[in-house]
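Taken in sequence, the protein lines are chains A and B.
Under numbering that gives the first Met the number 0, residues 0 to 492 are what the first sequence spells out, in order.
Under numbering that gives the first Met the number 0, residues 0 to 492 are what the second sequence spells out, in order.
Everything labelled a hint here was simulated from the structure, so no lab data went into it.
Don't take each hint at face value.
Identical chains blur together in the list; that is why a pair holds if it fits in one copy or across any two.
To be verified - BS3-like mimics (lysine-lysine), calculated; alpha carbons at most 27 Å apart, straight line: (1) K433 with K19; (2) K34 with K433; (3) K69 with K19; (4) K34 with K419; (5) K385 with K302; (6) K34 with K6; (7) K310 with K296.
All of these numbers come straight from a predicted model, not from anything done at the bench.
2 protein chains.
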Amino acid sequence: MKIKPLKIDTNRESVVFIRKNSDFCRAIGSGILPKVELKVGDRSLYAILNTIEEDFLERDEIGLCTYTTKMLGLPAGSEVEVRYPEPVRSVELVRAKVRGEVLGAQDYRYIIRDIIENRYSKVELTAFVVGCSQGAMDRDEIAYLSEAMADLGENLEWGREMVVDKHCIGGVPGNRTTMLAVPIVAAYGLPIPKTSSRAITSPSGTADTMEVLASVDIGRSRMKEIVERENGCLAWGGAFALSPADDIIISVERPLNMDAPGQMIASILSKKKAAGSTHVLLDIPVGDTAKVRSYSKAISLRKLFEYVGGKMGLHVEVILTDGSQPIGRGIGPSLEARDVMSILANEPGAPEDLRKKGVDIAGRIIDFDPSVRGGRGRAIAEEILKSGRALDKMNRIISAQGPKTPTPPGALTKNAEAVKSGRVASIQNHLLAKCAKLAGAPQDQGAGVFCLKKVGDEVKQGEPLFRIHAEQNADLGFAWDYWQRHPEIMEIR
Amino acid sequence: MKIKPLKIDTNRESVVFIRKNSDFCRAIGSGILPKVELKVGDRSLYAILNTIEEDFLERDEIGLCTYTTKMLGLPAGSEVEVRYPEPVRSVELVRAKVRGEVLGAQDYRYIIRDIIENRYSKVELTAFVVGCSQGAMDRDEIAYLSEAMADLGENLEWGREMVVDKHCIGGVPGNRTTMLAVPIVAAYGLPIPKTSSRAITSPSGTADTMEVLASVDIGRSRMKEIVERENGCLAWGGAFALSPADDIIISVERPLNMDAPGQMIASILSKKKAAGSTHVLLDIPVGDTAKVRSYSKAISLRKLFEYVGGKMGLHVEVILTDGSQPIGRGIGPSLEARDVMSILANEPGAPEDLRKKGVDIAGRIIDFDPSVRGGRGRAIAEEILKSGRALDKMNRIISAQGPKTPTPPGALTKNAEAVKSGRVASIQNHLLAKCAKLAGAPQDQGAGVFCLKKVGDEVKQGEPLFRIHAEQNADLGFAWDYWQRHPEIMEIR
Numbered sequence: 000m001k002i003k004p005l006k007i008d009t010n011r012e013s014v015v016f017i018r019k020n021s022d023f024c025r026a027i028g029s030g031i032l033p034k035v036e037l038k039v040g041d042r043s044l045y046a047i048l049n050t051i052e053e054d055f056l057e058r059d060e061i062g063l064c065t066y067t068t069k070m071l072g073l074p075a076g077s078e079v080e081v082r083y084p085e086p087v088r089s090v091e092l093v094r095a096k097v098r099g100e101v102l103g104a105q106d107y108r109y110i111i112r113d114i115i116e117n118r119y120s121k122v123e124l125t126a127f128v129v130g131c132s133q134g135a136m137d138r139d140e141i142a143y144l145s146e147a148m149a150d151l152g153e154n155l156e157w158g159r160e161m162v163v164d165k166h167c168i169g170g171v172p173g174n175r176t177t178m179l180a181v182p183i184v185a186a187y188g189l190p191i192p193k194t195s196s197r198a199i200t201s202p203s204g205t206a207d208t209m210e211v212l213a214s215v216d217i218g219r220s221r222m223k224e225i226v227e228r229e230n231g232c233l234a235w236g237g238a239f240a241l242s243p244a245d246d247i248i249i250s251v252e253r254p255l256n257m258d259a260p261g262q263m264i265a266s267i268l269s270k271k272k273a274a275g276s277t278h279v280l281l282d283i284p285v286g287d288t289a290k291v292r293s294y295s296k297a298i299s300l301r302k303l304f305e306y307v308g309g310k311m312g313l314h315v316e317v318i319l320t321d322g323s324q325p326i327g328r329g330i331g332p333s334l335e336a337r338d339v340m341s342i343l344a345n346e347p348g349a350p351e352d353l354r355k356k357g358v359d360i361a362g363r364i365i366d367f368d369p370s371v372r373g374g375r376g377r378a379i380a381e382e383i384l385k386s387g388r389a390l391d392k393m394n395r396i397i398s399a400q401g402p403k404t405p406t407p408p409g410a411l412t413k414n415a416e417a418v419k420s421g422r423v424a425s426i427q428n429h430l431l432a433k434c435a436k437l438a439g440a441p442q443d444q445g446a447g448v449f450c451l452k453k454v455g456d457e458v459k460q461g462e463p464l465f466r467i468h469a470e471q472n473a474d475l476g477f478a479w480d481y482w483q484r485h486p487e488i489m490e491i492r
Numbered sequence: 000m001k002i003k004p005l006k007i008d009t010n011r012e013s014v015v016f017i018r019k020n021s022d023f024c025r026a027i028g029s030g031i032l033p034k035v036e037l038k039v040g041d042r043s044l045y046a047i048l049n050t051i052e053e054d055f056l057e058r059d060e061i062g063l064c065t066y067t068t069k070m071l072g073l074p075a076g077s078e079v080e081v082r083y084p085e086p087v088r089s090v091e092l093v094r095a096k097v098r099g100e101v102l103g104a105q106d107y108r109y110i111i112r113d114i115i116e117n118r119y120s121k122v123e124l125t126a127f128v129v130g131c132s133q134g135a136m137d138r139d140e141i142a143y144l145s146e147a148m149a150d151l152g153e154n155l156e157w158g159r160e161m162v163v164d165k166h167c168i169g170g171v172p173g174n175r176t177t178m179l180a181v182p183i184v185a186a187y188g189l190p191i192p193k194t195s196s197r198a199i200t201s202p203s204g205t206a207d208t209m210e211v212l213a214s215v216d217i218g219r220s221r222m223k224e225i226v227e228r229e230n231g232c233l234a235w236g237g238a239f240a241l242s243p244a245d246d247i248i249i250s251v252e253r254p255l256n257m258d259a260p261g262q263m264i265a266s267i268l269s270k271k272k273a274a275g276s277t278h279v280l281l282d283i284p285v286g287d288t289a290k291v292r293s294y295s296k297a298i299s300l301r302k303l304f305e306y307v308g309g310k311m312g313l314h315v316e317v318i319l320t321d322g323s324q325p326i327g328r329g330i331g332p333s334l335e336a337r338d339v340m341s342i343l344a345n346e347p348g349a350p351e352d353l354r355k356k357g358v359d360i361a362g363r364i365i366d367f368d369p370s371v372r373g374g375r376g377r378a379i380a381e382e383i384l385k386s387g388r389a390l391d392k393m394n395r396i397i398s399a400q401g402p403k404t405p406t407p408p409g410a411l412t413k414n415a416e417a418v419k420s421g422r423v424a425s426i427q428n429h430l431l432a433k434c435a436k437l438a439g440a441p442q443d444q445g446a447g448v449f450c451l452k453k454v455g456d457e458v459k460q461g462e463p464l465f466r467i468h469a470e471q472n473a474d475l476g477f478a479w480d481y482w483q484r485h486p487e488i489m490e491i492r
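Let's have the full structure, built from the sequences with the hints guiding it.
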């Protein structure tokens, strides 16, 4: 049939449209055929079939949604063979998993290959994700899944014996330690080719914040050049097909708001492995309103990370950190970038908690270096930051990636004030993050929240607790209303 | 926005199309919004949002797929309010289930109500089905789910103290005992208002086979009349909204080919309860190629059925039957209808196995009558059949439902012959069923397979084992090829 790209955005579900009176539909009869296979040469793509009786397609045309168009990469009018789909064999393995069976390394490779080749419908994908969730996978299975996800996709190579990396599992607003650790570690001399994600559900991801200062969408060869010269970079990972299965799996995890340990570990470690890392420092913040809410859960997660990393030939070290409140003062791309740059510049007003955590993490990474005496890393990191070498390194990375004129914090502001005097007893991470998102973060780089008080600080009635920044009046209103309805964001006692 | 029905068949997924440059899309910004809520007065419907940049919609129009059009039931041009969807709260319960928590009666009601109101996407629905699968639900939860499914939908009432019913969990071709039990039991005098399904994956469902003889798509009032006059009927259940959640749940179970015990029990018993039954006889065929493959599994399933039935106020009795080979000779609507009618007419060549099983089941149902001395039911059933009263009752039911001229067995035939002499050692139910489906059953009423030999029969080389009937040459070829590739359908030793 002839391809007709349609500008229909189906949210990453591969959908095609064929007329009911086409030869194809007449041949398959009235039976239920939820999926078809598209063949072009050796390539094959599975897609959900929507049959139509509308005039926007001819009888010999197959309409493709934007996602399918992108996946196929063929111009309008190209011929594609439309077939009754071969059964996707690995779905049988998913059924086995759902029944409670333990799968092997090869099983996970079959499943991941079929997922990457887009053979799974969202229903099948969901069955896989849910079937693998909470306690259903043993730790070896998590390793098999992680390895399959890492192997079946793009792999970066650095030709260095040691390539370090860091990752935070998230849940704590403002926590931009990566942008401190990368320049410190790179200035020390360890290669740290960092790829980061954009925000999925948070007010800003590292890639969003870095983008205030420099381009992050840099290609493979440019990244290689920068890392060779500067030892480090801060690139957007989405530009590479590292663990492509992960992006597809996330497309069902996100609407379900599910993040089972096995999938989370596989997602993180597969990307690290595919990015060519050898040593990874993992930050798990623990707090009542963070992703991980108890130390016992954090510890079992740590053991899982270490075990699976070991199986994959990755040296993984996990640190448990305080996730009880935001780190730093800014929440949102521009506000966070200011925090980071003020720390690198050793400005007196720079947020101390973020500074300390950034140095801690950089120090732990430097400790990976066999020539460093265990525990000395922190002092080295501290010295690199104080000396201005970290700032210098950051500026070199920024200029190599392509500097930008930073968007200033949003000019529309409103202060959230204390309704009574007392002491800040707690800050609800997820509510404050929501407030920053309502203000427009991360779409509007200047939008977000600037914390003027943190837990333990004394406040007087009427004193500002945090400032909402927005670029648009409506957004300022949304964020303000949210604060009005949720005074528990900062509890004063 | 203004409704524009589009003839786009999305396979029971509620999908709407809105232009990217509509006020609605501009207001929500670039964020991910996979779902929207449509409000018309008090009613609300959730739908997947596909944003488009095509001209077949105006900026103020919302395009509806055929399924959404049907669900809303409003004409083109009607105004509908499109909203950012309220979060579907019961999805939180699904997440809890996936995490391994035990849910309560009210939880299942919330979930089922949201499912019926079409608030679940297929991803969420799949998470529910998989989260409830294999061993994840305790028996009380199965009862809660069954009751919620029965209550939230249409309920039939008969004003009789005792209303009997039967059900077979399926997997054995030809097994049309319902069409024997209903006339026998109705002739005895117990009300048996039977609703049956069409084939989902089999070559014929009871509704398909009955449809060879009479209309099965009879409305509620007509069914009531017939049952009042004749005590029994053989109607298609799809005409009623009995356990509507079940149909929605099946739409994800079917593509996954999953049929977990909890869901199966809830599906069956919710329909029985909603159909107003008080006493149910359940047939679980056990065999190597049946749905249930071991007696130990069948027994634990029996206990679950009895327990859940009891909780729901249903008297459920379960019989385990021989599921090692097809029952009767015909497989496919017309061939099965012939088997049934020949037994009711006491014809000498009628298949004895089907006759015996039909009488057994009718007898067990008659035993439900408190005035019958335990175990006497079978003799009563035998007598009713022999006397011709069952045939008479069947003819009255047929004529009340609207008689049809039966389609004869397909005139295109080909015999599957023994490649060697010996004894039939086994018959593979699922393969023989597949062969009948390839021949055109149940779409072509005359298509199917007629068994000339059964397990234990002696055969000589070249002697026919079964006859394929088709109405179309191509289908005869498909079925024949399948037999050629699968001589193990009937093993001769």
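Hint by hint, here is what the structure shows:
no. : hint           : in the structure
1   : K433 with K19  : between (45 Å within a copy, 25 Å between copies)
2   : K34 with K433  : between (38 Å within a copy, 19 Å between copies)
3   : K69 with K19   : both (24 Å within a copy, 18 Å between copies)
4   : K34 with K419  : neither (60 Å within a copy, 40 Å between copies)
5   : K385 with K302 : neither (34 Å within a copy, 73 Å between copies)
6   : K34 with K6    : both (20 Å within a copy, 18 Å between copies)
7   : K310 with K296 : within (21 Å within a copy, 38 Å between copies)
When each numbered hint is compared with the structure, violations occur for hints 4 and 5.
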